[in-house]
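Construct the entire structure; sequences and hints are all you get.
Every position in the sequence shown, counted from 1, becomes a number in the numbering used here once 58 is added.
If you are wondering where the hints come from, they were derived from the structure by calculation, not from laboratory data.
Certain hints may be false.
[Stated by the list, open to error] Lysine to aspartate or glutamate pairs mimicking EDC-like chemistry, simulated, CA-CA at most 16 Å apart: (1) Lys-336 with Asp-300; (2) Lys-236 with Glu-226; (3) Lys-210 with Asp-232; (4) Lys-340 with Glu-302; (5) Lys-210 with Glu-254; (6) Lys-210 with Glu-249; (7) Lys-340 with Asp-304; (8) Lys-340 with Glu-280; (9) Lys-287 with Glu-331; (10) Lys-210 with Glu-172; (11) Lys-287 with Asp-319; (12) Lys-336 with Glu-352; (13) Lys-243 with Glu-257; (14) Lys-313 with Glu-254; (15) Lys-336 with Glu-280; (16) Lys-198 with Glu-254.
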Amino acid sequence: MDKRVQYEVSRALLKRFLFHMVLYILFVLVMAETSWFYCNSRIWYGNEPFYKLIHFIHENFISVFLFVICSGAVIIACLHFFWIASMLGRVTQETGRLYSGATETAKLPPQLNEMENQLNFIMSNVRKSRQEADEAIQRKNDMIVYMAHDLKTPLTSVIGYITLVKDEDRLPSDIRKKYLGVAMKKAERLEDLINEFFEVARYNFTQMVLEYSTVNLTVMVEQLLYEFKPVFDKKGLSYNADIEPDIMVMCDIEKIERVFDNLFRNVVNYSYENTVIKISLKNSGKDGAMFIVENCGKTIPEEKIAYIFDRFFRIDSSRSTETGGCRAGACNCKRDNKPA
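So this is what it looks like as structure tokens:
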């Protein structure tokens with residue numbers, strides 16, 4: 059509970075207590091005034107039952123009045139304590155509903171309006187967090203299913219080609235060599251998928267620790283582009299690079315290399331064939347840099363852009379063993395040079 063809520067709740071409880079005290083004092087004053095006029099309107103005799111009590115009150119009116127007021131204040135305070143205890147029970151009950159996943163809003167007495175608002179705000183955030191966690195788990199499960207399918211596809215090919223080589227004793231040497239080459243290629247693809255699966259598992263169950271050091275980002279990007287040139291050429295891709303010289307940044311070199319590697323692989327996988335990739339690296343000041351990549355491919359749906367950095371999120375539900383989604387260039391969309 060923040061200070062503002064504490065102040066509002068304390069003010070409401072104090073206001074309620076003072077209101078009841080004022081009502082009680084007014085009631086005592088009215089009763090005292092009524093009794094005074096009644097007692098003065100008649101003649102009292104010493105043998106009457108209430109004479110001694112009335113005479114004592116008359117002689118000690120101030121003391122008796124203060125005693126009645128103090129006694130009433132104690133009784134009202136006790137009643138308020140019981141009422142506060144019952145409200146705490148309500149708060150505990152509503153808090154229990156918060157962790158039980160209840161969807162209804164919390165309802166508290168008007169004096170706890172600020173606390174009710176804050177509790178409902180917390181309940182809303184908890185429901186949102188649970189929903190996001192459920193969606194993340196679902197995406198994770200979907201990814202595991204997809205990866206299991208991807209692992210099975212090259213494995214089936216490996217088994218099939220090796221079986222052909224094993225069963226066909228009179229297979230020509232060139233055909234045998236071709237089959238073994240295909241099996242080897244599929245086995246390498248299978249190894250890549252297994253490594254990818256272990257990377258996902260490792261980052262999911264371990265805490266990532268970044269080891270910072272200074273690196274020349276310009277040299278790193280240029281070197282990676284040189285290494286990816288055969289991959290670009292295989293798909294007929296070319297690139298225009300606008301890179302500022304000697305951009306120095308603080309980062310984890312190994313992990314930033316993995317980021318660029320994954321980015322360039324996605325650019326290749328999701329670009330149309332024989333298109334141009336635009337690459338820009340600029341110094342943004344304050345030890346930072348701005349890296350922009352534009353490719354020509356299938357545009358990401360606008361409603362899914364907000365989720366592309368969520369863990370385990372994948373845009374395409376249909377996957378191929380090469381890209382994990384639609385094959386680049388397989389769609390018949392118009393090549394309008396729009397960034398994907």
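Structure-based check of each hint:
no., hint, result
1, Lys-336 with Asp-300, "8 Å, holds"
2, Lys-236 with Glu-226, "14 Å, holds"
3, Lys-210 with Asp-232, "27 Å, violated"
4, Lys-340 with Glu-302, "6 Å, holds"
5, Lys-210 with Glu-254, "14 Å, holds"
6, Lys-210 with Glu-249, "12 Å, holds"
7, Lys-340 with Asp-304, "10 Å, holds"
8, Lys-340 with Glu-280, "13 Å, holds"
9, Lys-287 with Glu-331, "14 Å, holds"
10, Lys-210 with Glu-172, "57 Å, violated"
11, Lys-287 with Asp-319, "13 Å, holds"
12, Lys-336 with Glu-352, "5 Å, holds"
13, Lys-243 with Glu-257, "21 Å, violated"
14, Lys-313 with Glu-254, "15 Å, holds"
15, Lys-336 with Glu-280, "14 Å, holds"
16, Lys-198 with Glu-254, "14 Å, holds"
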